[in-house]
Amino acid sequence: MTAVTAGTTETTGVPGVSDAAVAAEQAAYEAVFDAAVAADERIEPRDWMPEAYRASLVRQIAQHAHSEIIGMQPEANWITRAPSLRRKAILMAKVQDEAGHGLYLYSAAETLGTSRDELLDKLHSGRQKYSSIFNYPTLTWADVGAIGWLVDGAAITNQVPLCRCSYGPYARAMVRVCKEESFHQRQGYEALLALSRGTEAQHAMAQDAVDRWWWPSLMMFGPPDDESTHTAQAMAWKIKRHSNDELRQRFVDIAVPQAEALGLTLPDPDLRWNEERGHYDFGPIDWAEFWDVLKGNGPCNDQRLSTRRQAHEDGAWVREAAAAHAEKHKHTGKHGEAQA
Amino acid sequence: MTSDGWPLWEVFVRSRRGLSHTHAGSLHAPDAEMALRNARDLYTRRSEGVSIWVVPSTEITASSPDEKDPFFEPSADKPYRHPTFYEIPEGVKHL
Amino acid sequence: MSTPDTREAAVITGAALALGDDALVLSHRLGEWAGSAPVLEEEVALANIALDLLGQARVLLSQVGDEDELAYLREERSFRNVQLVEQPNGDFAHTIARQLYFSTYQRLLYGQLASGDGPFAGLAAKAVKEVAYHQDHAEQWTLRLGDGTTESHERMRRACDALWKYTGELFQPVEGLDVDHAAMESAWLASVTDVLGRATLTVPEGPRTGAWAAGAGRQGLHTESFGRMIAEMQHLHRSHPGAAW
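Taken in order, these protein sequences are the chains called A, B and C.
Residues in the first sequence are numbered from 0 upward in steps of one, following numbering that gives the first Met the number 0.
Residues in the second sequence are numbered from 0 upward in steps of one, following numbering that gives the first Met the number 0.
Residues in the third sequence are numbered from 0 upward in steps of one, following numbering that gives the first Met the number 0.
I should point out that these hints are in silico values taken from the structure, not numbers from a laboratory.
Note that the structure is predicted; figures quoted are calculated from it, not measured.
Be careful, since some hints might not be right.
Stretch-level coverage of chain B by chain A, calculated; a stretch enters the list once three of its residues show a Cβ under 8 Å from a Cβ in chain A [as the list claims (entries may be wrong)]:
1. 4 to 15
2. 18 to 26
3. 37 to 47
4. 78 to 84
What follows is a list of derived Cβ distance ranges for each label pair [as the list claims (entries may be wrong)]:
5. A:Met234 <-> C:Ala124: 54 to 60 Å
6. A:Arg271 <-> C:Glu231: 49 to 55 Å
7. C:Glu231 <-> A:Pro160: 36 to 42 Å
8. A:Glu40 <-> B:Tyr79: 25 to 31 Å
If you want a taste of the chain C side facing chain B, the calculated C-beta under 10 Å gives, among others [claimed, not checked]:
9. Leu39
10. Val43
11. Ala44
Positions of the beta carbon are idealized from the N, C-alpha and C atoms, including for glycine.
All chains should be built: construct the whole structure from the sequences, respecting the hints.
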């Protein structure tokens, strides 16, 4: 009996057990796993799972968690300059939520047997990615609104299906995240609306932000289906429920009428309703830019990562101090409600 | 599993009086007192709770998935433990 | 000639600005931590405190005017906050020392205001619960940093020393606040001495008042970094006169 979170598979190491027997056992486990996924049951941390499934989940959940905490930076950039106290409170609460969401997601990843330290280390050394969208700068206040409306809008489109993801802890984390994020998109939209209906300068600021954030937001859904390396397997495992292109189309269809209501235009001359398809057609995405930013050549890649590393390094003495204190006072722990 | 020596804690929250604590998630903290406070900040910032328990994750003993059948299946064939097992003549109340 | 009524209103305004500016400025400083806290759990904790303070500031400023006009359109000399809250974040130890000194004061102050029937009793009754948590947070961290590693002890000692000279100002009487400042000061000293002692730190020796430091913030005299702080805070709002956000 081990801790709930120690989800790694156990090696047999039992003398006298033949390889064939091990293989047969493996196949039996695999059949149980496949049947559970097929029946839309959730896989839980201590269940047997294929190593590739585990690795794929760790990769995706870690990237998601990293995106939440790196994603704090572009918005935190405006906390100290928020133009009204109401907006300032909203923005602080939103950036705080992102820290919280990062925390939920790192916790979900830890149930797969990977510590937060390991994951942070991989982020800091560039071995794990975060969403490329956060490598774009927030140049004006309107960018805060555009991020809320478009970036969070795209994220929500991606995340809602993840609430039904086959891995229990990830699905549960996403339920919590989606519930809390419902205010993120609305506040962004409301902030943009105030600008769009405000002075000429404010309207121009809003339009400029939408012009800059529209295409990167569409890239958030990832490469087109025929170029996506992970999609097919992730869908088979029900980690992912819809393809990149499907979700992207869903987002465009939702965003176009929202832009009209805002009184702002989207920077795509090819954007028009296609009666036959029942969807909006949109122009070609500049995938060269996407891959370039992903490779590290975006406007803020270095800055985002070095800010994160700096915060982690600056905090090391604090974390060590608390650990040392706990060690010294191990036996004097108290506090907490009695029992049930 | 630690974060720079900070162990992982499981958080249980009582959402309102009269209900039992349910598992909310986990977090890292250097000790129990900080774990409680971190849990308050993280898991009840939208008024989700009135009471919190924190337990070091390593202190939880869990049934193993391999024991699933012997652990849980024997109870599946004892329908007489459930009230719906019994037939009561129509019109009889308060049973 | 001012009538007794307008005189009383001015006194209430002055007191609301003193309390409101303290909360506004400290909230702003804590907001600067976003994205840079030592650990994720602490991001959430610091933001909670900042949001509590911002909420208090908004209630207080709205009580005596338009919150945004007061926050964004006053000049530096019109801010009535104590100098302690405007001090830069420094390292985490400085932030915690500032929190300890200020939240201990604020808890005593709001405790007294809540038990009275003055114009701030309502706000104080709600805020005293918030600041009790802030004080607990500061105390917990003071204990861990003071009695942690050699490095953390040294950093915490330096922070407590550096901010000590700004603590005398907290107890300068503010007209319109019906509280016993002398009693508050001795309770504050006792509380801070106790926490520092348990954190294996000693109470700093330097003066807590001085020709420049004492009460200067409440009179509108601030420290150098404050001008830069409010320049950043007010810049966008002031660039679009009359705009709604």
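Comparing the hints with the structure gives:
1. For the segment 4 to 15 of chain B, the stated coverage by chain A holds: 4 residues have a C-beta nearer than 8 Å to a C-beta of that chain, and at least 3 were required.
2. Coverage of the segment 18 to 26 of chain B by chain A holds. Counting CB-CB distances below 8 Å, 5 residues qualify, and the rule asks for three or more.
3. With 3 residues having a beta carbon nearer than 8 Å to a beta carbon of chain A, the segment 37 to 47 of chain B meets the requirement of three or more and the stated coverage holds.
4. For a cut-off of 8 Å, the count of residues in the segment 78 to 84 of chain B with a CB near a CB of chain A stands at 0, and the three-residue condition is violated.
5. For the hinted restraint 54 to 60 Å between methionine 234 (chain A) and alanine 124 (chain C), the CB-CB distance of approximately 55 Å keeps it satisfied.
6. Our hint of 49 to 55 Å for arginine 271 (chain A) and glutamate 231 (chain C) is violated, since their Cβ atoms are close to 43 Å apart.
7. A C-beta distance of roughly 41 Å is found between glutamate 231 (chain C) and proline 160 (chain A), which places it inside the suggested range of 36 to 42 Å.
8. With their beta carbons about 27 Å apart, glutamate 40 (chain A) and tyrosine 79 (chain B) fall inside the hinted range of 25 to 31 Å.
9. Annotation: leucine 39 (chain C) was flagged as interfacial toward chain B, and the flag holds, the nearest CB pair being 8 Å apart, inside 10 Å.
10. Because the beta carbon of valine 43 (chain C) sits about 5 Å from the nearest beta carbon in chain B, less than 10 Å, this interface hint is met.
11. Look at alanine 44 (chain C): its Cβ gets to within about 5 Å of chain B, closer than 10 Å, so that hint holds up.
Going down the numbered hints, you'll see the structure goes against 4 and 6, while the others check out.
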